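Visitor: Can you make the complete structure from the sequences, with help from the hints?
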Amino acid sequence: MKQSSIRLDGQKILVTGVSRPLGIGATLARRLAEAGASVAIHGFSEYDLMAGYQSAMPDGTETVAQQLRDLGLPITALPTGDLSKPGVAEQVVTDAAAKLGGLDGLVLNHAYSTYGEIGTWTLEHIDAHLTVNVRASMLMSQAFTAQADATKNNAITLFTSGQYLGPMTNEIAYCVSKEAIICLCKQTSYLLGDQNIRVNCVNPGPNDTGYCVGETHETIAKMFPSGRWGTPDDTADLVLFLHSAYAKWITGQVIASEGGFRRG
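Per our numbering, the very first residue in the sequence shown carries number 232; after that it's consecutive.
Hints in this document: simulated from the structure, not taken from any laboratory. Nothing here was measured: the structure is a model prediction, and the numbers come from that model. Be aware that one or more of the hints could be misleading.
Unchecked claim - Per label pair, the in silico range of CB-to-CB distance:
#  : residue 1 : residue 2 : range
1  : G491      : S236      : 23 to 33 Å
2  : E321      : Q297      : 35 to 45 Å
3  : E446      : C414      : 29 to 39 Å
4  : L354      : C414      : 33 to 43 Å
5  : E446      : Q373      : 42 to 52 Å
6  : G241      : M281      : 36 to 46 Å
7  : K383      : H356      : 35 to 45 Å
8  : E277      : P456      : 19 to 29 Å
9  : Y477      : G445      : 34 to 44 Å
10 : V485      : G445      : 41 to 51 Å
11 : K330      : Q298      : 14 to 24 Å
12 : Q378      : R459      : 35 to 45 Å
13 : A329      : G495      : 46 to 56 Å
14 : G241      : R300      : 12 to 22 Å
What the hints assert, rightly or not - DSSO-like cross-link-like pairs, simulated, lysine-lysine; straight-line CA separation at most 27 Å:
#  : residue 1 : residue 2
15 : K330      : K383
16 : K417      : K479
17 : K316      : K330
18 : K479      : K383
19 : K453      : K417
Cβ atoms here follow ideal geometry from the backbone N, Cα and C, with glycine treated the same way.
Guide: Right under this line is the structure:
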C-alpha cells in the first residue's frame, strides 16, 4: 500500500473507468480514499470483457469496490452503465452526488479505445470513440458543475493520451477523441474558474495494466529511460496532487506523466 503525505480529508470524488483490479481506475480510487476522500466509482465491465483486458470480469466495479472496502476504505460502487447510451453519463454524476452528499471532485478516467487504420474507418468505429470519450465527458462535466458548491475548492481531472506528442496512426479515432479532451480542458478551465472549479488534463503515458505482454511489453519498457513501464501508482501520484490544496493555483494544464518516454 503506497502512502502519501497529501491529504484529501472531507473531499467527495467520483472516479469513472473503474472495473478491473489491474486498471488505472482501481488504483486511483484506492489512493484517493487512502488520502481521506470519500470515493464513488463507476465502470462498465462489458467493455473490458469485449476488449479482452487482463483482470476483466463480470461485475468488476462492485468487485473492486468490495476489495477496497475490505481494506477499510470508503468506496461506493455505482450501478454499471454504458456511457454511450443517452442519459447514462448525467445519471452517474447524479447518483454519485446523492450517495456521497455532493461532489467536489471528478476524475474522468473512462475510455473507449480500439485500433483502426485508415481504410477501415466506419461511422460506428468513429462514433463509438467520440460518444464515450468526448460526449460523455462533456455531459458529466456539465452535471458536475451544476451541483458544485462554489464556496469549496472543486477540481475536474480529465484524461488524454500521447497523440499531441507524437503519431499514433493505427488508432486515429481514439486520438481525435483524446485531442478533443485537451480542448475541453482548456475551454472549461477558463469558463469555470469563477465557480471555483479547476480543470486539468493528465496524459498518463503507457501504463502497465495488463493489456500488453511478451516481446512488445519488453520493447516498450526499453523506451523509458528507467527501463520500466509507467504504473497506475505513478498516474495516481499526479491525480492525488491535482485534487489537493498543493494544486490550488493550477488549472487549464495538460500534464504528461510519462517518465521520459521516448517515441520513435
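Visitor: Indicate whether the distance between the beta carbons of L354 and C414 respects the range 33 to 43 Å.
Guide: Taking Cβ atoms as reference, L354 and C414 lie about 22 Å apart, which means the hint is violated.
Visitor: Does the beta carbon distance between E321 and Q297 stay inside 35 to 45 Å, or does it fall outside?
Guide: violated, 26 Å
Visitor: A329 and G495, beta-carbon distance inside 46 to 56 Å?
Guide: holds, 48 Å
Visitor: Is K417 close enough to K479, meaning Cα to Cα at most 27 Å?
Guide: holds, 16 Å
Visitor: Within 27 Å, alpha carbon to alpha carbon, are K479 and K383?
Guide: This hinted pair holds, its Cα atoms lying about 11 Å apart.
Visitor: Please work out if K330 and K383 have their alpha carbons no farther apart than 27 Å.
Guide: At roughly 19 Å apart (the allowed maximum being 27 Å), K383 and K330 satisfy the hint.
Visitor: Given the proposed pairing of K453 with K417, does the C-alpha separation stay at or below 27 Å?
Guide: The given pair, whose Cα atoms are some 33 Å apart, is violated under the 27 Å limit.
Visitor: Look at the Cβ atoms of E446 and C414 and judge whether their distance stays inside 29 to 39 Å.
Guide: At roughly 36 Å between Cβ atoms, C414 and E446 fall inside 29 to 39 Å, so the hint holds.
Visitor: Is 41 to 51 Å right for how far apart the beta carbons of V485 and G445 are?
Guide: Hint violated: Cβ distance 32 Å, outside 41 to 51 Å.
Visitor: Check the following: the C-beta atoms of K383 and H356 are separated by a distance inside 35 to 45 Å.
Guide: holds, 40 Å
Visitor: Evaluate the given range 14 to 24 Å for the C-beta pair formed by K330 and Q298.
Guide: holds, 19 Å
Visitor: Looking only at beta-carbon atoms, does the pair Q378, R459 fall within the given range of 35 to 45 Å?
Guide: For Q378 and R459 the Cβ distance comes to about 40 Å; the hint holds.
Consistency with the previously given hints fails for numbers 2, 4, 8, 10 and 19, ordered from lowest to highest.
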